[in-house]
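S.K.: One-letter residues, chain by chain:
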Amino acid sequence: MAITEENPGYKWVGTRPIRPDGLEKVTGKARFGADLALPGMLHGKVVRSPHAHAQIVSIDTSAAEAMPGVKAVITGADFPDLAANGAHAGDIDVATNTIARDKVLYEGHVVAAVAAITREQAEAAAKAVEITYEVLPHVLTVDEAMADGAPLLHDGMITKGVDPAPEDPSNIASKILHERGDLDQGFGEADSVVEREFTTKPVHQGYIEPHAAVADANSDGRANLWCSSQGHFQMRAYTATVLGVSPGNIKVTAAEIGGGFGGKTVIYLEPLAVRLSQRAGRPVKLVMDRDEVFRATGPTSGTRIKVKMGATKDGKMTAAEVWMAYEAGAYAGSPVGAAGMTAIACYDIPNFVVEGYDVVCNKPRVAAYRAPGAPMAAFAVESVVDELARNLEIDPIDIRLANAAVEGTQASYGPKFPRIGFVETLEAIKDHPNYSEELGPNQGRGVSAGFWFNAGMMSSATVHINENGTATVVTGSPDIGGSRQSMALMAAEELGIPYESIKPVVADTETVGFNDVTGGSRVTLATGAAVVDACRLVVEDLRSRAAKTWDVELDQVEWVEGQAQHIDGAQPPLSLGDLAKKSGRTGGPISANASLNSRGVGAGFSTQLCDVEVDPETGVTRVIRYLTAQDAGRAISPDYVEGQMQGGVVQGIGWALNEEYIHDSDGVMENPSFLDYRIPVASDLPMIDCSIVEVPNPAHPYGVRGVGEVGIVPPMAAVGNAINDAVDVRMTELPMSPIKVLEAITDQSD
Amino acid sequence: MARVHFSAGLRELTGGQAEVDVEGSTVRRIVAELDEMFPGIGERLSEASSVAIDGEIFTDAELEPVEENAEVHFLDIFQGG
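The listed protein sequences derive, respectively, from chains A and B. Under the numbering used here, the first residue of the first sequence carries the number 1, and numbering increases by one thereafter. Under the numbering used here, the first residue of the second sequence carries the number 1, and numbering increases by one thereafter.
One should not assume that every hint holds.
To give a feel for the contact side, a few chain A residues facing chain B, derived at Cβ under 8 Å [stated by the list, open to error]:
1. Gly161
2. Tyr413
3. Gly414
4. Met457
5. Ser521
6. Gly600
Sample of chain B residues with no beta-carbon within 10 Å of chain A, all distances over it, derived [unchecked claim]:
7. Arg29
8. Pro39
9. Glu56
10. Leu75
Don't read these hints as lab results, they were simulated from the structure. All values derive from a computational prediction rather than experimental measurement. C-beta: ideal position from N, C-alpha, C; glycine also.
I would like the entire structure built from these sequences, with the hints used as guidance.
M.R.: In structure tokens form, the structure reads like this:
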């Protein structure tokens, strides 16, 4: 671990204790979304469109309703018409993506759902729902969707961000634009200019646990919902919107989550389960198959990106021009906005234009995926930076150091950077032994870098002191990447008691204050800050109780290592256990709440180094060595920080080499299983070496920045640049599968 | 006065102006001032932007205080994963 700041001497923060959820997970006791079973519970099955684009002419549910065991059948007609109610366009999209009304927009779009006594009965009834479609022409890529005369998904879609606004609708939902300086002048000053065009395919977040929800509706309009998600408060809000009810009528309990990576920040099954339960008068469980997960959830955008960059012979970048089109899937909302803001954010470039388009097409609506939008843009930009370095015969780290954003740099998306640690990640790679490790035949080395904003948002926490002086830390942030351990470590540091004396709990929506989603790399920062605030309130209370006990002024008492101490030593110390045991005498139970809208978000940077070996006979690329350096601000839990860093890299390697959605000419996905959509497994990869860089975020009590996302930004270009180094071919299309690499090698030698 | 910077995408609403000095002690007041100067921009800024004040990014920033001489950027909203 590269420590760039003097270690402040924390007792618990930065240690590697046993994870609090470990025992339940390894013994199978942890309850995930599909594990819950309630008395009288029914099983649901969703009916999905077989067509990529079609008008729903009619739906006949009578045969399904008459089948054995069937207790409820619902269609879009069972939900309020939000459009007629004047709802926000975004809410209407959420509702019609949950269950189609008059039109299906992708293969897998929900049309109806059934609930029956057994899963087999539900599956049989789902097949008996008779739907008549009028099939419409479809568009699957940005090229098809942006073409003149392309079939339209939404008749009223007028491109936003264009002045004057177009008169005619199109599949382009919006345009984004960032520019600075004089592009012609910048390219004129360059000694080398590289221009390339890149394409990437939609890829799925690939979480191991499929979506699952159990709903139990009461006759008074209230409902209980258990689901696997990245934010049960968000699930509550979305579900209430789609059902047209008050959020307060729905209580959501967070199940354990088997991966999300952004893909579980949105709803799919939850309103369907509640409505089925209301219709049937019994609890209903809905669980997706893997096939449904691929066809109807996630993925992230496929893209087309053009990049032109120039630099002087000493490596100074003079200009960048980036054009990008991102698939949004069936509804507006691709991450092209973030892509435009991150594409060249690592660098201080005086002249640039970044232009982007959000494009709808007949595929599942895209969902967030780690640093949404940034990885594809980085694949393109970092590949071109590598080529510039090669043309100019400059070390790939040195060209990045020569242009690296630092504190005070005007970011390409607008504001000046506060304190950041990009340079430190570059130096950590350059100083690592991997950087000078000798390479063998057909082996190559690639460097790439990435930026992500990280996020703050709203969080709440409650800290209870138990009667023996142990503590319960309650938050509403589902634990995806180790947040329970991070919360416990910070609470231990604040309260001055052992980590093992603290139980971190993720509570339901009626037990703790509001928390935004576990996403945006925000929980350790924001929910952590709420935990720190609550602990500090508890400590103030404890000092006050000690002062009462000793009959002294508050300023005579300090809190040191879990004890109230009189500043002159005039009284024997009172431990947390002493004060807790006698809390009834000093004011009652000891507890504090804190809620905040987090401030002081610290941006994240990652630089990565990949060594590959390419088989020139088959085009197979094997990653033989990988190093990632990332600025964590402060690694509260180094084990989990490394886990996040490694996880991002592994997903990025899958994106680089294997993963892609494949559709046939009818718009039907051809590879909706982990057999045909191959994510990397442990045996495919070397150990991912980690270098945690710590440039503390000055705005957080422990210097946290957030680590969950930026790690997935650099890998595709790192792999592509390594392939180029190994066999001298520039790969511009993801995935860089064996057939494409072999084709590139063959083309080069022809 | 705070200095407000506009992204290229917002400049269509400012007649191409890239930055402007505005009086206002909160983001809400600044947006109101801007709407006076560039009619229609207020709705766009309120609905679709997060705000960076002296480099720090805020969401739901309407009531956020803005210091004298602060640098303010309105940004596209982005989602984390």
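S.K.: Against which earlier hints does the structure fall short, listed by number upward?
M.R.: 9, 10
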